[in-house]
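**Student:** Spelled out, the chains give:
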Amino acid sequence: MTLQSSGQETINLQGNHACALGAVAAGCRFYAGYPITPSSEVAERLAKELPKVGGVFLQMEDEIASIAATLGASMGGVKAMTATSGPGFSLKQENLGYGMGAEIPCVVVNVMRGGPSTGMPTRPAQGDLMQARWGTHGDHPVIALTPGSVEEIYQQTARAFALSEKLRIPVIVLFDESLGHLVETVALPDVTDYEKTVRKWATGKPEDYKPYKADKDGVPPMARPGDGYRVHTTGLTVDESGWPTQKSAEVEPVMKRLLGKVALNNDLVESFEDMDCEDAEVVVVALGVVGRAARKAVRELRASGVKAGLFRPITLWPFPTKSFRKLTKKAKHFVVAEMNAGQLILEIGAAKTGRQSVTGLNRFDGVPISPSQIKQSVKEVLGHE
Amino acid sequence: MMKNLEMRFSGAGGQGLQLCAKIFSRALTGEGYHVSMSQSYEPTSRGGLSRADIVASDGTPDYPLTTDLNTVLILDQAAADASEGIIRDDALVIVDPRRTKNPPKGKFKVIELPLSETAISLGSERVTNVVATGVIAELSDDIELEIVERALRQSSPKKFLDMNMDALQAGVDLARGVKSA
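In order, the protein sequence lines correspond to chains A and B. Mapping to my numbering: the first sequence position 86 is 86, numbers consecutive. Mapping to my numbering: the second sequence position 4 is 1004, numbers consecutive.
These are calculated hints, taken from the structure and not from any lab test. None of these values were measured; they are calculated from a predicted model. Idealized CB from N, CA, C, for every residue including glycine. There's no promise every hint is true.
[Stated by the list, open to error] Short, incomplete list of chain B residues facing chain A, as computed with Cβ under 7 Å:
(1) Ser-1025
(2) Val-1035
(3) Ser-1045
(4) Phe-1160
When you get a sec, could you build the whole thing from the sequences and use the hints?
**Tutor:** Structure follows, in structure tokens:
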């Protein structure tokens, strides 16, 4: 059935614009950024949309100031976002870690282009998967989402806000240039629930308030400016009171809670698409636009009698390991298709439980992996042709 | 069941290829198609390979990028080799020979038409893309000319409307010449 015939209102929308609209729909009211190809349309659209809803758009002097302003706005009580691409994402890493450590909700979008360094500004890549996981120093909790269509960019950007509010954590949204610049006919999904999701505000007597004393969900309520609570925010390791500590007896429980809070809420965080995995001999693992090439390849392979399946993480970090293991128990081979020299494959090597072979299909020449390349790779693994 | 269409508008940066794709996207969406429009360009504002692609299908496609082109426009030599291996044998390949000395070779039919010369005779090389739009709309079995015309009308700023309509008609005339030949 076509979208049009389903009676839903449809529009032709660009991925980057969908990101901007998803943010606004989720309640984002502050954006600070520095334009960079191929993410600039996110900023451009928000510059138009935010003033309409009483929000603030700031073009900052650089990417470091942009994330600093975003974190500051969030501490001020609003849902806030910044967007960038490779070189800008590198610059944001230190303050991203600050946000993770000080537990400041916000959304950081990275529209990936060819790298390293300034690389290929107008070409797609998936070279920042590991950077999203480990880019900032020290042990830290992380959530990174990797949508695979214009509709999903809208939806997952909105969801990123809800997760960041719920878990008091910066959430990274990763997609590549080809999706950022792709225009698709979409019916925008309802994201009211994400909009309604707002961080827990501190309640009770201000003199009893401990800014980093968590509830059972591992997340401490946040003080709303003006409510009379006193908070000290720092990048240093703190105890429950929010003041710095280096005493091991105090540090260990605080760090355990910080590093464990995402896993504690895994049901909320985990998301993926699986197709024909149960009886698949070969499971293709791919995300973003490559996930869609893989979907086409798997469908065609199935039609020709090849037992292929697809596992497409939507939440890349933390990787949905348990579900992946459960779904791919019977697989004999994995083909990991990615637009980089081999990053997701490292996670698959760690996540698999059996003796399955793991084969990488990699491209890092600025051109997306095609469905026929994936089909070819699956056939080679099975020893056909 | 609607047929899947894959179109590519290619040439050099600055030739209005994105606009071409936008017009056809608009027209095809109006016809009930789900449209996926992608693009590729160089970091410079003019020159170098530029292309805009459309995948039109019945509902959201598994893969939104082109793999099997059935319509290809080539306005500049920069784009002559860019579609190698993904042009269908029964594809319509339209080339402007003035700026494309070595068009692609294959089983597909290559139609060379004086697109930019026609545009120049209308007063501006900049409407070459609209002349090409007229050619494709007339030669394609899958798209109605009047729907493309409406989409162009909706996409045109007022001061360029007359020139665009003239350019579209000139393209249609060029195509009719091919048909009757």
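**Student:** Of all the hints numbered above, which does this structure not satisfy? Sort the numbers upward.
**Tutor:** 3 and 4
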